[in-house]
Structures are given as structure tokens and as C-alpha cells.
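Residue numbers for the sequence shown follow the UniProt record's numbering, beginning at 1 and rising by one.
If you are wondering where the hints come from, they were derived from the structure by calculation, not from laboratory data.
As the structure is a computational prediction, the values presented were derived from the model and not from experiment.
Here a beta-carbon is modelled for each residue, glycine too, at the ideal position from N, C-alpha and C.
It is possible that some hints are incorrect.
Unchecked claim - Simulated restraints on C-beta separations:
no. : residue 1 : residue 2 : range
1   : Lys249    : Gly129    : 39 to 47 Å
2   : Ser225    : Gln202    : 50 to 58 Å
3   : Glu126    : His235    : 23 to 31 Å
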Amino acid sequence: MAAAAQGPPRPGEDECRAALRDIWRSRPQVSAPILLRRELERHLGLPQRSLDDVQWVAQLSQAERAAREEQRRAERGGRRRAADGGRDLRAPRPKAARRARPPACGAERGWRELWDTRRFADAAVECGGRRLEVHRAVLAARSPVLMAMFGQEGMREGLAREVVIPNSCPGIVEAMLMYMYVGEIGEGVDCAGLLQLADQYQVAGLPEACAEVLLEELAPETVASTLVTLRDCRHSSPRLEAAYEQVLKCVRRDKALVRAVAEHVDA
């Protein structure tokens, strides 16, 4: 008895995946396994229904789509790393390198020396019983609010050359002053509290710099305070508004962040 005729052998997986890529270039909407089988058979010059295992075609197409998506993510990551000087943005920023952008008018080298030595300081800022010697010219150049306070001889701050900040803590106040001199945010600073204080005193560039740090360090432990801070200050500048919207998008995509926000509300 003659053996039954066998159909053409199934093409190799690599050949079929290359054919899928060609098909999707011209017809990206084709996704159903049955339609993909028909297109593969036509593309490879095979008789109809020769690829009888539809499940195999489905698995093959899923694997190829996953590989394409991974390649796209790698390409996007490469472009972002190139724009950021080669740093992998998915990796956490080293804490020792936590620096903010300089204020809009720049920080002269001599101002760092003034911050370190407080030489010729002519005013003071007090908070929580701590007194910090400062230079009125530096603070006035960075903050229109402090400029007005020091410039009005009729105000207590102008006469005594002293500003008392009652609604913050010494560490945050010192971080704000340091930024005014050297354009950096120190390690371990509460950037949510610093953003609120910087917004109150309209310190040039500092609220936006704090928002960048908050976005970079967004985690379930910080998301609630970050949302509240950006919500309250978002109308101060378009960049703060954009940062607030970015956090909302992150929360919508991440169940752990949603849970953290919900637990904060319950508390």
C-alpha cells in the first residue's frame, strides 16, 4: 500500500518570524492567528492550510511581538541615555551625585566661598532656635520676597536685618539658603518640605529643582507627600504643573503607588 503523500515541511521558526516582520510592515493591523496563518502561507508560497497548527502560529506571533516591543524599549532607553549624557535613566541616581540645577542667574564661584565662610555676613535667618548668618545681597538676588523684607526699613526685617521663619525646620531652611548660594540641594533633604518653602519665598529655580528630585525618587513611601506638595504648588509654574501630572500618570500605572496613596488617605 502506497504511503500517504505528505505536505511540504513546516518552515523554520526564524524564517516564519522574518515573514511576520515583512507582513506587519505593510499590514500592521493583522493579528488574529487564522489571518496570520493565511498571510504566512501566502508570503512563504505555501499551499493553503499547510500551516495547520494555528496555536503554533499564535505563539510565534506573540514571541515576535514581544521581541519587537523589547527592541523598541531598548531604542527609547538608548535615546534617553544619550540625551542625559549616557546615564541609564532606569537606574536610581546615585545619592552622592544628587545635585539640582543652578538658579536662573547662575551662582558665582565666590558665592560658594561666602557660604562656606560666611565672611562679611550682614544679616541672619532664624528658624527653630537656630541662627544662620547670611548676606542680604545674595538672598535678595535669589528671592524677591526676601528682597522686599530686607529692603523696607519700616519692616522689622529691614531694621533688625533678621528674618524669622516659623513654619519650617532648620534643616530645610539651611537647604534653601545653601541653594541660593551654590545652586545645589544637599543629600538627605526633605524635598517636599523644601519645595513648599521655596515656593513661599519664590526662590528662583528651586521649586522646579525639587520637583525633579521628587520625580526621580518617587516610591510608595514618598508618593503621597509628593502628590500633596505638587498639588498645592502646581499653579506657581508650568513645570510644577507638568510634574504633578507626571506623578498622577505614574500612580495610575502602578498598583503599589495607588495602594500607598489610598493608605495615606485612610490614615
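Tested hints:
Range check, Lys249 to Gly129: Cβ separation about 42 Å, and the 39 to 47 Å hint holds. With their beta carbons about 22 Å apart, Ser225 and Gln202 fall outside the hinted range of 50 to 58 Å. Checked against the hint of 23 to 31 Å, the C-beta distance between Glu126 and His235 comes to roughly 29 Å, which is consistent with it.
When the structure is compared with the earlier hints, a violation turns up for hint 2 alone.
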